[in-house]
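Which chain is which? The protein sequence lines are A and B, in order. Start counting the first sequence at 12; every next residue gets the next number (our numbering). Start counting the second sequence at 354; every next residue gets the next number (our numbering).
Careful, some of the hints might be misleading.
If you want a taste of the chain A side facing chain B, the calculated C-beta under 10 Å gives, among others [claimed, not checked]:
{"id": "1", "residue": "40"}
{"id": "2", "residue": "42"}
{"id": "3", "residue": "70"}
{"id": "4", "residue": "74"}
{"id": "5", "residue": "159"}
{"id": "6", "residue": "161"}
{"id": "7", "residue": "170"}
{"id": "8", "residue": "171"}
{"id": "9", "residue": "181"}
{"id": "10", "residue": "187"}
{"id": "11", "residue": "191"}
The set of hints was computed from the structure by calculation and includes no laboratory data. All residues carry an ideal CB built from backbone N, CA and C; glycine is no exception.
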Amino acid sequence: MEELKIRKILSRIVIDDDQAAFQELFELFYTRLLSFANSIIKSDSLAEEIVLDVFTHVWQNRSQLNSIARPVSYLYVAVKNTSINYLERLNERPKFSLENIDINTVVFDCSPEMEYISTELQENIHKVIETLPPKCKLIFKLIREDGLKYAQVAEILNISINTIDCQIAIALKRIGKALDVDPAVKPRKKK
Amino acid sequence: MFKNDFWRLAGRKLAGEATDKDLSRLSGLTDRDPQKAEKLRILNDIWKSEIPETDLSVSKTAFEKLKVQIESGQRDSYPKKENRQVKKSIDFAVIYKMAAVFVVILSAFLGIYKLSQKTFKSFAPTEKYVERVNSKGVKACIILSDGTTVWLNADSRLKYPEEFKGNKREVYLEGEAFFDVMKNPNAPFIVKTSEIEIKVLGTSFNVSCYPDEANVTTTLVRGKVIIQKETNKSITTEACLMPNQSAIFNRKDKKIILKKVDSRINSSWKNGKLVFSDESMEEVVKKLERWYNVKIVLKDKELKKYSYTASFEGESMEKVLKLLEISAPITYTIARDTLITLMRRK
């Protein structure tokens, strides 16, 4: 995600109290943050509440927005912390760990150029992604679907960049293995 | 797994994290192994395949809820229990604990706060200053915490504390602003510019201190202001200004001269009036650039000898340019809406 674009939106919020900019920011992040909150709290309605609370906080403290060094990570971390706080209250004992998260389906649609991948293989790939270990799946999703950088995910999840590098490799290796069984995947001549 | 193994390099490439070194290592691997090359190609297709667009109406609906939540100012007003769809995996009894949810929120924000201190140092509460930056073509009216009103002109910035504390009210200005200062004999109001400071107790005045201009001009409407300079920790009073006077500080020779003016002219910009009072073409050009957010080029040197006295209110830029054209042997062209060239009429 473009930090620069987000910075511009933020400065419109700070300088002009621009509600349209605030809505733009909200719409840019809402579904991603909702799904991120959901992977921790495992409840659609609570996840929504959490994201709305974070944005309420953002609006109420908008004069300080410009001083946030990395706004994208900030939003994710705020959602994470709020979710964990909810969770701790709900369960009395903290239950959060990266191994105990539940991530929504990672999606991919085959484009027309990818018709060489059979439906069967597609399903296989889906299955592989769905059965990735939670931590690996979450990292894969944040990098690919949310378009975050390794450094951002490292900050958000409080893990090292090396871990991310490694987890993405695990995900790709597993998908790569699923490709092996398909006869369609043979070395081909370059176009 | 090794640090530079194929899958790691592939991941970095797909995620846009690969360095040039990574990419050349990766192509070294794929060149030697066509099957790897093919896998990378397919993985790339999968990675880049479209992520189905999320339904924007979902975000829009949620934003309406957010607006209500913010406007009502109550974060503790939660939907009734029956609206909650807590997953069955969570013990149903916990729902009753929801009464305490608003405490949760508070602590949740303490959580954010803690984090912001740790991860985002600059978000610390000691940061009390707010900066307002107007780009060219934009004007703003700001009310400070003490009730002082500031009209900030285009291409200008004002830095001020969110809340004035102690026995001083200090703001920082670059560009031009008109101040209507709330009277407070116990806390002088000080406008700091890069060169001089303007100290007042309660009055209204205009300050123009654009960095690209030769002078810093302070014009007093009513009350009394003191122009002072801070040098090596000592503050020296440079001038004392009376209403309808301007103090013009020259940046080059560091001298202040006082001049009698009609203060309404110097501050009329805040009422949307663009005024030139016997101003040189160069000054006119600078004002127009800021006012209309355009770039103006003077093609012929002799244009600089013209000076103008005029007043415009709510006029389009073209109208202003037309008047320049009529009043002197000048013509102009506009390129890409924002680049204006003024030249001698032949």
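**Q.** Violating hint indices (sorted, rising)
**A.** 7, 8
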